[in-house]
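Chains as they are written, first to last, in the UniProt record's numbering: chain A, 1 to 271; chain B, 1 to 283.
Watch out, some of these pointers could steer you wrong.
[Stated by the list, open to error] Per label pair, the in silico range of CB-to-CB distance: (1) A:D21 x B:F105: 21 to 29 Å; (2) B:G146 x A:Q247: 17 to 25 Å; (3) B:D268 x A:F132: 26 to 34 Å; (4) A:R64 x B:N124: 52 to 60 Å; (5) B:Y111 x A:V183: 36 to 44 Å; (6) B:Y111 x A:Q247: 34 to 42 Å; (7) B:K18 x A:K225: 45 to 53 Å.
[Unchecked claim] Simulated pairs of lysine-lysine, DSSO-like, Cα-Cα distance not exceeding 30 Å: (8) A:K82 x A:K107; (9) A:K107 x B:K18; (10) B:K235 x B:K18; (11) A:K115 x A:K104; (12) A:K225 x B:K155; (13) A:K117 x A:K82; (14) A:K107 x A:K117; (15) A:K104 x A:K117; (16) A:K119 x A:K107; (17) B:K203 x B:K235; (18) B:K206 x B:K155; (19) B:K277 x A:K242; (20) A:K104 x B:K18; (21) A:K119 x A:K82; (22) A:K104 x B:K26.
[Stated by the list, open to error] To be clear about the criterion: a stretch of chain A counts as covered by chain B if any three or more of its residues have a C-beta under 8 Å from a C-beta of chain B, and this derived list gives those stretches: (23) 188 to 201; (24) 207 to 220; (25) 235 to 249.
To be clear, the hints were calculated from the coordinates, so they are not data collected in a lab. Ideal Cβ positions, reconstructed from N, Cα and C, are used throughout, including at glycine.
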Amino acid sequence: MIEVDNVTLGYGSRNFITAVDGASMTIGRNEIVGVAGESGSGKSTLMRAIYGDFSTGLRLRSGRITATFPDRAPIDCSEMRKTWWQDISYVPQGSMSVLNPLMKVHKQLIDGLPKHKRKGDRRAIRRDLETFLAGLDLDPSVLDAYPHQLSGGMRQRVLVAIASYVGPHLILADEPTTALDVVVQKRILLMLVEIQRRLGNTLVLVSHDLGVHYQIADRLIIMFKGEVVETGPTDEIFANPKHEYTQRLIGSLPRLGTRKSTVTALRRATP
Amino acid sequence: MTEPNVLEMTGLTRLFRKGGGLFGGKSFAAVDDVTFTLPAEPCVSSIVGESGSGKTTLARMLLRLVTPTSGEIRLLGRPVHGQKTERIDDMSFRRQVQPIFQNPFEAFSAYLPVIDYLRATARNLEVAEGARAVDAEVDRALRMVGLSLARVEGKFIRQFSGGELQRISVARALIPRPRLIVADEPVSMVDASLRMSIVNIFKRIKDEEGISFVYITHDLSTAYYLSDRVSIMNKGRIIESGTPADVLDDPAEAYTQELMNAVPRVNDRWPEIDRLKAASVPA
Chain A
1 MIEVDNVTLG YGSRNFITAV DGASMTIGRN EIVGVAGESG SGKSTLMRAI
51 YGDFSTGLRL RSGRITATFP DRAPIDCSEM RKTWWQDISY VPQGSMSVLN
101 PLMKVHKQLI DGLPKHKRKG DRRAIRRDLE TFLAGLDLDP SVLDAYPHQL
151 SGGMRQRVLV AIASYVGPHL ILADEPTTAL DVVVQKRILL MLVEIQRRLG
201 NTLVLVSHDL GVHYQIADRL IIMFKGEVVE TGPTDEIFAN PKHEYTQRLI
251 GSLPRLGTRK STVTALRRAT P
Chain B
1 MTEPNVLEMT GLTRLFRKGG GLFGGKSFAA VDDVTFTLPA EPCVSSIVGE
51 SGSGKTTLAR MLLRLVTPTS GEIRLLGRPV HGQKTERIDD MSFRRQVQPI
101 FQNPFEAFSA YLPVIDYLRA TARNLEVAEG ARAVDAEVDR ALRMVGLSLA
151 RVEGKFIRQF SGGELQRISV ARALIPRPRL IVADEPVSMV DASLRMSIVN
201 IFKRIKDEEG ISFVYITHDL STAYYLSDRV SIMNKGRIIE SGTPADVLDD
251 PAEAYTQELM NAVPRVNDRW PEIDRLKAAS VPA
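Work out the full structure, taking the sequences as your base and the hints as a guide.
Written out as structure tokens, the structure is:
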């Protein structure tokens, strides 16, 4: 569905700072793709480019990103904006910074819908939204709340619900649970998987937490210093990491239940 | 006489008022009747809780940034709060107890070279006198975290990575050779692959320098790995404490079990995920 071909991305024009350096990858239909890497590895920049958000100085220096959504001719990422909240939607990390604090949730939700979905009676749309939220175990009363009246976890669940309400072919979620507690995080991750399996669409999840990826991703993309260093099915990568960085990443995880540093385990594994 | 406990908290409570204007409103206990002891011998004691559990309020009371509503904290046998004449004086308190906070980028100013803070800490806490002696102390502390004066000198915060900067805040805390370090979520801003290196520095400092830690976190994995004792905090109360193996491998409380079940572990997938995925096979 998404074809990223030898893409170099960065910021600024005169002093170009490279964030992604010659990355290639494909994202298919009906899968959960995890993008792992630490801060500065370029994972968020790449997501923004796929989403076609070239505000704040992001520039595509070379390479191509093409999207082929069902029933639509292939488009370049520069035109992706036209498909926002129809074919593609985005769940950002900081829910407080994207929701308008002065507007009740239902108003900004309906205002944010694409034109064809906004047509017709507002009350009918609202009823439809309520049913949809109830289907995701969310109390419809959240629609009448201001963002600050909801907890961080609830706001994030609302964002996930908004992103999936339009039934997009692709949902990009950039660190959607990073600031949240584990119990809430688990709920949101289960919600994401459930939505993806129900819609049969594609979820791309960016996270620096390998545990999160192990739990939900079908396939993993590992980024390091602006490059894609390894891709493959999640279980395969965890069982047999090929790139040195991936090995280090997996080796540095503290494990609950096995009270030993895995650094020694790594040393033992390499002859 | 036996050595006094590093820390003794008895019936520690802190109320905050919630809503209701000037006179109305209800009070709720952010920290509710907490009793907690850190023995004389060096150890790492973790306080694990979710946001809103009161763990940061507890840390702030330990650091004398918040006054308890009731209850008492004693550091090496002497009261931390109360009348100026009774409690530990500021200078010895700051020499004995040092903080490490979550975000090192907020702990240092963006407009001053980072090394200035370390030198100022050494001077203000009267660790050393004269530029040479101050630099020697700063260098000693930086070497404990794998850095050195030469590597830090002249640089501003943006020239360091998050991991390096957090190591520098650890070094800053080490300058007065404290008995206790209170670390509030010290690794939650640091990338996963570097977390362990910082956690291992804590371990080494405890063993080599004899410094005790109160490690406040929501991350069960590092708490499990690092701690001698773990206390689980929920709604202002410590509901369970003991060795990591006792508390986390075999929780007595349903809440602790729920926390453990929600940790996204590697090589142990949640049954709910398997069920959801089994229902439909990806193309």
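Verification of the supplied hints:
1. A:D21 x B:F105: 21 to 29 Å: holds (25 Å)
2. B:G146 x A:Q247: 17 to 25 Å: Roughly 22 Å apart at Cβ, these two residues keep to the hinted range, so it holds.
3. B:D268 x A:F132: 26 to 34 Å: holds (33 Å)
4. A:R64 x B:N124: 52 to 60 Å: The hint (52 to 60 Å, Cβ to Cβ) holds, given that R64 (chain A) and N124 (chain B) are roughly 57 Å apart.
5. B:Y111 x A:V183: 36 to 44 Å: holds (40 Å)
6. B:Y111 x A:Q247: 34 to 42 Å: holds (40 Å)
7. B:K18 x A:K225: 45 to 53 Å: Given range 45 to 53 Å: holds, Cβ gap about 47 Å.
8. A:K82 x A:K107: holds (22 Å)
9. A:K107 x B:K18: The given pair, whose Cα atoms are some 28 Å apart, holds under the 30 Å limit.
10. B:K235 x B:K18: This hinted pair holds, its Cα atoms lying about 15 Å apart.
11. A:K115 x A:K104: Within the cut-off at roughly 20 Å; holds.
12. A:K225 x B:K155: Holds - the C-alpha atoms of K155 (chain B) and K225 (chain A) are around 23 Å apart, at most 30 Å.
13. A:K117 x A:K82: Since the Cα atoms of K117 (chain A) and K82 (chain A) sit roughly 15 Å apart, the hinted pair holds (cutoff 30 Å).
14. A:K107 x A:K117: Since the Cα atoms of K107 (chain A) and K117 (chain A) sit roughly 14 Å apart, the hinted pair holds (cutoff 30 Å).
15. A:K104 x A:K117: Judged against 30 Å, a Cα distance of about 19 Å means the pair holds.
16. A:K119 x A:K107: Between K119 (chain A) and K107 (chain A) the Cα gap is close to 14 Å, so the pair holds against 30 Å.
17. B:K203 x B:K235: The hint holds at about 29 Å.
18. B:K206 x B:K155: Between K206 (chain B) and K155 (chain B) the Cα gap is close to 29 Å, so the pair holds against 30 Å.
19. B:K277 x A:K242: With Cα atoms ~26 Å apart, K277 (chain B) and K242 (chain A) stay inside 30 Å; holds.
20. A:K104 x B:K18: holds (23 Å)
21. A:K119 x A:K82: Holds. K119 (chain A) to K82 (chain A) sits at ~18 Å (cutoff 30 Å).
22. A:K104 x B:K26: Holds, at about 26 Å.
23. 188 to 201: As far as the region 188 to 201 of chain A goes, the hint holds, because 6 residues have Cβ atoms under 8 Å from chain B.
24. 207 to 220: holds (count 9)
25. 235 to 249: Contact hint for the region 235 to 249 of chain A vs chain B: holds, 3 residues under 8 Å.
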